[in-house]
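**Student:** If you read the protein sequences in the order shown, they are chains A and B. My numbering numbers the first residue of the first sequence as -9 and each following residue consecutively. My numbering numbers the first residue of the second sequence as 216 and each following residue consecutively.
Honestly, I wouldn't trust all of these hints.
To be verified - Derived list of chain A stretches under chain B, where covered just means 3 residues or more per stretch with a C-beta under 8 Å from a C-beta of chain B: (1) 275 to 282; (2) 336 to 346.
Said to hold, decoys possible - Here are the in silico distance ranges between beta carbons for each label pair: (3) A/Gly37 <-> B/Leu502: 45 to 53 Å; (4) A/Tyr232 <-> B/Arg498: 15 to 23 Å; (5) A/Ala342 <-> B/Arg500: 38 to 46 Å; (6) B/Leu299 <-> A/Ala117: 47 to 55 Å; (7) A/Leu196 <-> B/Glu381: 55 to 63 Å; (8) A/Val136 <-> B/Glu381: 16 to 24 Å.
It is worth saying that the hints were derived from the structure and are not from the lab. Glycine included, C-beta positions come from ideal geometry on N, C-alpha and C.
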Amino acid sequence: MSAAAAPPAASAGAGVPGSPHAAGVQGTAAGLDSGGGARRRLTWIVGAVTVLALAAAPWVLDQYTISTASRILAMGLLTMSVTLLTGVAGLPTLAQAAYFGIGAYTAALLARAGVVLGPAQLLAAAAVAAAVALVTGSVVVRARGVTFLMLTLAVGELAHSAAIQWRGISGGTDGLSGIPPVVPLPGMAPLVNDGLVFYYVLAVFLALFAAVGGLTRSPYGLALRGIRDNEARLRATGYPVYQYLLVAYAAAGGLAGAAGALWVSVLRYVSPGDLSFGLAALALLAAVIGGIGSMWGACLGAALVVLVRDYVGGLDVPLTDYRASGPLLLGVTFVMVVYLMPHGIAGTLKDAMVRLLRSGPAAPDDSPPGDSPTERA
Amino acid sequence: MGVIGWLDANLVSIVDGVAYGLLLFTLAAGLSLVFGMMDVLNLAHGTLYLAGAYLTFLLSGGGWLGFFAAIAAGIAIGAAGGVLLTAMTQPLAGRGHLDQALLTIGVALIGAEVFLALSGGDPLPASEPAALDGSISLLGHVYPTYRLVFIGVAALLALLVYLVFERSTLGALVRAAVADREMVQALGVDTRKVLLAVFAFGAALAAVGGVLGAPIIGPAPGVDESVLVLSLVVVVVGGLGSIRGALLGALYIGQVQSLGVALIPEYAPFLLFGSMFLVLALRPRGLAPVARPA
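With the hints as constraints, model all of the structure from the sequences given.
**Tutor:** What follows is the structure, encoded as structure tokens:
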């Protein structure tokens, strides 16, 4: 996708005279060759600065803000699970909140039963959510488009109703409270400080972010993108499309379940609201805002949505008695993003980066010889 | 207990289901046509219903004059909303459903907040005309008069919409545009005008549904979202893009929500989405899918 967006801009920047078509092709190759190394280096720098800033956050932010940051990371993982299905595999989903909630209830029930070890909660939550996703997915992934969307909506709403109805297990509308603090590793003390909980969430987030990144860049991830772009061709080439999509569905369910377990570690409370249509829609919209298909875009989309709704939404409007309304700001944000950022946050930032690399002080041409543009295509 | 006895025992639920289904049809018809023709999934459709229901609260004080004024205002505001939404979604043509969903949910959120500011967060009383504010005997059962009149009016409306779209030349043009827009364009028809008219018509129908339906599902916070989800269910269960599908789906969902809940109340929270899941798992394109060129 990004490679497809690059050619016109690259050729315009190169300004090679001659036939427009040939110039475009040459310009593209040159632009990617010189930009590839510099861009990769810039990506590393931005990534390192982001991780450092996140690591420093508990030292500079107050308790409420740092707890919001923890929730953003959990929400980021949920949005990544949406992106895995919607952006990578091309299946728009409203069911991820259901698997998120299943993971959250699993972790909460385990914690209340005395299993306070974080990794154990995470594994169990991911396994249960993935198992449920595998069963529901066997029906759901046969559908496409709006039918898939509505089937996943049904999964989400049925799970939501179940969480309200099965009072014996879920605590009904009251939810489950009194969850003991999480223990990150055997032998460590329970985490009661919001800053320490943030470090635990951050560590899990980074590990899962890397794992998902590896998955999407693997041959399997490329095959998923292929199914999204031209399912008939992959089917004809002999790919088991149904099995591939089912595995993606289960993996996304497991990821959402792990996010749910983190959510419980942060809030130490779970209620049917954590499986609601509202959360499912918010995660899907955050993925769209982020720039559908990009994992770090998904995380930025989640951050924007949570910040606008929960953080800016609670502030007083200067010079008036009014309080900013979260949903109203969210609505305005959605409308603005659609018109101002046609390719989401990720697309907008990528464009800005390409422009920066070209106009900046002579981007060094240091790409290794074997680094051909076809690698990115 | 024979069939007659069973029917007698459940008559009120069945008639309620018909009223409910016809109410959903007024929303689903526009939603389905706009999706079928323009490929626009309008998630602000529930807001149009809410606007109509709010008009009943504002204008209808129990008299006929106020009620008809509310209907007229509903048509005007609904059509204007449809034109506005067409203008807003036009620039997104070709960008996929998700961007449209983002935009129209944004509009719906803003609309919900405006309503919240107007209503103060409480359900508002929206009354039917006083002349219909009683109950009559329906085969020995006491039944609200307004609901029965609503069934009559909405059925007439549904019949009218059905005849126009499935039996008239104008309807044939719209159905042709749903099936193959490029072909219709090639025949010299300005499909943009057809699209605009269909969107405005669908939106006006939803707003009028709100005006007429307010005494049944009144203006309250969250109603926009719940009727939107219900009409989305109706549309996909019936089959996207056809009036026949919308009507079939609406009547089916109406019975599920009324008769189904009355018969097996213990499964009530699972009925709506459970039955949709079943229908879509068995017939992914709905009960009455539109024939499309492959």
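**Student:** Now look at each hint and say whether the structure bears it out.
**Tutor:** Results of checking the hints against the structure:
1. With 4 residues carrying a beta carbon less than 8 Å from a beta carbon of chain B, the region 275 to 282 of chain A meets the three-residue requirement, and the given coverage holds.
2. By the rule of at least three residues with a Cβ nearer than 8 Å to a Cβ of chain B, the coverage given for the region 336 to 346 of chain A is violated, with 0 such residues.
3. Evaluation of the 45 to 53 Å hint for A/Gly37 and B/Leu502 yields a pass: the beta carbon distance comes to about 50 Å.
4. Between A/Tyr232 and B/Arg498 the Cβ separation comes to about 19 Å, which falls inside the hinted range of 15 to 23 Å.
5. About 42 Å separates the C-beta atoms of A/Ala342 and B/Arg500, a value consistent with the hinted range of 38 to 46 Å.
6. For the pair B/Leu299 and A/Ala117, the beta carbons lie near 48 Å from each other, so the given range of 47 to 55 Å is met.
7. Here the CB-CB span from A/Leu196 to B/Glu381 is close to 58 Å, well matched to the stated 55 to 63 Å.
8. Taken as a hint, the range 16 to 24 Å holds for the pair A/Val136 and B/Glu381, whose Cβ atoms sit roughly 23 Å apart.
The earlier numbered hint that this structure contradicts is number 2, and it is the only one.
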